[in-house]
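> Place chain B on chain A using the hints.
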Amino acid sequence: MEFAVHRKIYLVGLVIVTLFVITGILAPYIVRRPEDAWGITYNPEKAFKQPSLENPLGTDALGRDLLNRVVLGTRFSLIIGVSVVSLSLFIGIPIGLLAGYLGGRLGTVLMRIADIFLAFPPLLLAIAFASVLGRGVLNTIIALALSWWPWYTRLIYIQTTSVKSLAYVDSARIMGLNPITIMFKHILPNIATPLITQATLDIGSAILEASALSFLGVGVPPPTPEWGLLVSEGWQYINMAWWISFFPGLAILVVVLGFNLLGDAFKEYLDPRVRNLMVRRKVK
Amino acid sequence: MSGTTIISIRGLVVNYYTFGGVIKALRDVDLDINHGESICIVGESGSGKSTLAQTIAMILPQNAVVERGSIIYDSVDILRSSSLDVLARVRRDIGMVFQDPATSFSPLFPIKQQFVDVLSEVLKVTPEEALRISREALKNARLIEVERVLNSYPHELSGGMLQRASIALALAKKPKVLIADEPTTNLDVTTQAEILDLIKVLKREYGLTLIMITHNFGVAAHVCDRVVVMYAGMIFEDGPTRQVLDNPLHPYTRGLLMAIPRMGRSLTPIPGFPPDPREVFEGCPFYGRCNSARGECSTQKPPRVVLGERTVHCHLYWGSQWKS
Chain A
1 MEFAVHRKIY
11 LVGLVIVTLF
21 VITGILAPYI
31 VRRPEDAWGI
41 TYNPEKAFKQ
51 PSLENPLGTD
61 ALGRDLLNRV
71 VLGTRFSLII
81 GVSVVSLSLF
91 IGIPIGLLAG
101 YLGGRLGTVL
111 MRIADIFLAF
121 PPLLLAIAFA
131 SVLGRGVLNT
141 IIALALSWWP
151 WYTRLIYIQT
161 TSVKSLAYVD
171 SARIMGLNPI
181 TIMFKHILPN
191 IATPLITQAT
201 LDIGSAILEA
211 SALSFLGVGV
221 PPPTPEWGLL
231 VSEGWQYINM
241 AWWISFFPGL
251 AILVVVLGFN
261 LLGDAFKEYL
271 DPRVRNLMVR
281 RKVK
Chain B
1 MSGTTIISIR
11 GLVVNYYTFG
21 GVIKALRDVD
31 LDINHGESIC
41 IVGESGSGKS
51 TLAQTIAMIL
61 PQNAVVERGS
71 IIYDSVDILR
81 SSSLDVLARV
91 RRDIGMVFQD
101 PATSFSPLFP
111 IKQQFVDVLS
121 EVLKVTPEEA
131 LRISREALKN
141 ARLIEVERVL
151 NSYPHELSGG
161 MLQRASIALA
171 LAKKPKVLIA
181 DEPTTNLDVT
191 TQAEILDLIK
201 VLKREYGLTL
211 IMITHNFGVA
221 AHVCDRVVVM
231 YAGMIFEDGP
241 TRQVLDNPLH
251 PYTRGLLMAI
261 PRMGRSLTPI
271 PGFPPDPREV
281 FEGCPFYGRC
291 NSARGECSTQ
301 KPPRVVLGER
311 TVHCHLYWGS
321 QWKS
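First to last, the sequence lines map onto chains A and B.
Counting from 1, one number per residue, gives the positions in the first sequence under the numbering used here.
Counting from 1, one number per residue, gives the positions in the second sequence under the numbering used here.
Hints are computed from structural coordinates only; laboratory data are not their basis.
Hints are not guaranteed to be accurate.
Heads up, simulated BS3-like pairs for lysine-lysine below, C-alpha to C-alpha not over 30 angstroms straight-line [unchecked claim]:
no. : chain 1 : residue 1 : chain 2 : residue 2
1   : B       : Lys112    : A       : Lys267
2   : B       : Lys124    : B       : Lys174
3   : B       : Lys112    : A       : Lys185
Pulled out of the complex, with its shape left as it was, chain A reads as follows (with noise of 0.2 angstroms):
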């Protein structure tokens, strides 16, 4: 984690995602009335509270509150950036291999076929998926998933047809080497430095579309306490009790922000030509 030292910023997205994970993975035992943030029973005396000493972050319409809310949302948002970028990656990264590296016949069927999913503006094809689907969290990891998985396929397959033509992927062919020992020893641990910059920045796109889906009605079902959708339960109440959305969109904010800087900071630390310079200046 040397390189968060260099820049500042970078160590603003390092600690940002930290607790985003952490408070993901601790959600259920840190909020002090669990139940409470998925009840939908009216509690008409406690709706619309202004955020104060005993609410933090206010109450919403049903009387919810809603620091627990967004809180027990962390973990549906880790889970799903998470699994969406995995999953995409579990799809694109064989197939862009497969079509970079072999290439042929089979390769301009596969890239064409990325190519269709390209061809559609990535939220609208989640959307269709997500209708076809319905909805949960499962659904929404899959249909964010199928709309994604083509950038990766295309960056490795770009990736895979530059590194093959080097000298020691003829060296590991001319050994004998079989082609999926070739493709993922090979070709894969080469191309990776790209990839996990991008899956990194990805994981902050992810949880924001998954958002949007929640926002549209068409990803995770209330009363489950998902970002997307409780700025979609707040916004028509705006004028009246703005805390209710603005909150969940903040930590939406917050964290896209610093999945980005980590982003950044990998793209800049994983280029060795950078490193060198930010080891240089340590010295110095």
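Then chain B, alone, in the frame of chain A:
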């Protein structure tokens, strides 16, 4: 030169299909490589010498198409056979050393891991056994500090050390044929000589058939018994190194030898430029740059003239007998 042919190439035509047109990399190449000989393929950039090596090694890029011809290795046409056994045999028997030692190894892993991973898969041995074989191979490649090399990343080693290591890796599977594609081009001059000597010694120790690709007649003279001169995808001249260097037959070979800079002699370049590799030739591709060109040179393919141990593809020698 011992008698038996190990690789026999007949009528080989290889094209590259690119957006800029069809590049004719090899135009009808015939070549017999004998068991245990060391043969140098000499030519300029774009003469097709590397394509020839890649075709023999079966690592042509995807946009290359073998249009015609055959390569008989071990009595099987390796270009026409789709059997995996044949590919496996080629992979087992042919080793290759590349031009740029800096990219011959994956930059991300220590040499030890790459040797062990590759050799344990290729030779189907345990990692411990693979490590033992690696040590032995590196020692055979005259690397001192074998342990340091094994524990280093590629960028921590010099070009000469890396080239020794890649020779060691190529030879660790005990191939019958070693193809060296300009193995010394990216090294400095003193290291070049060491690597060439090493290849010469190892060729003898391992009983290899050596195919060396180079643009440098000095390399050919230093290492090889036989030299093949290529131009525009064709073989122009083929013969024992000393004879070709002392008494070049083909006007192109003569021109090339005159164009080598030497102390106390002004250098005579060959006029003109190499032809566009997309061009189709009626006659000789060297026509137009050749100072001995005659009428039929522009209209008829140069004939193959065999003069004792030597072969030359040129109209000048049509019907003549070699008097030694």
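> Each hint should be assessed against the structure and marked as holding or not.
Evaluation of the provided hints:
With a C-alpha separation of about 28 angstroms, the suggested pair Lys112(B) and Lys267(A) falls inside the 30 angstroms cut-off, and the hint holds. This hinted pair checks out: Lys124(B) and Lys174(B) have alpha carbons roughly 14 angstroms apart, not beyond 30 angstroms. Between Lys112(B) and Lys185(A) the CA atoms are separated by roughly 15 angstroms; this keeps the pair inside 30 angstroms, and the hint holds.
Of the numbered hints listed earlier, not one is contradicted by the structure.
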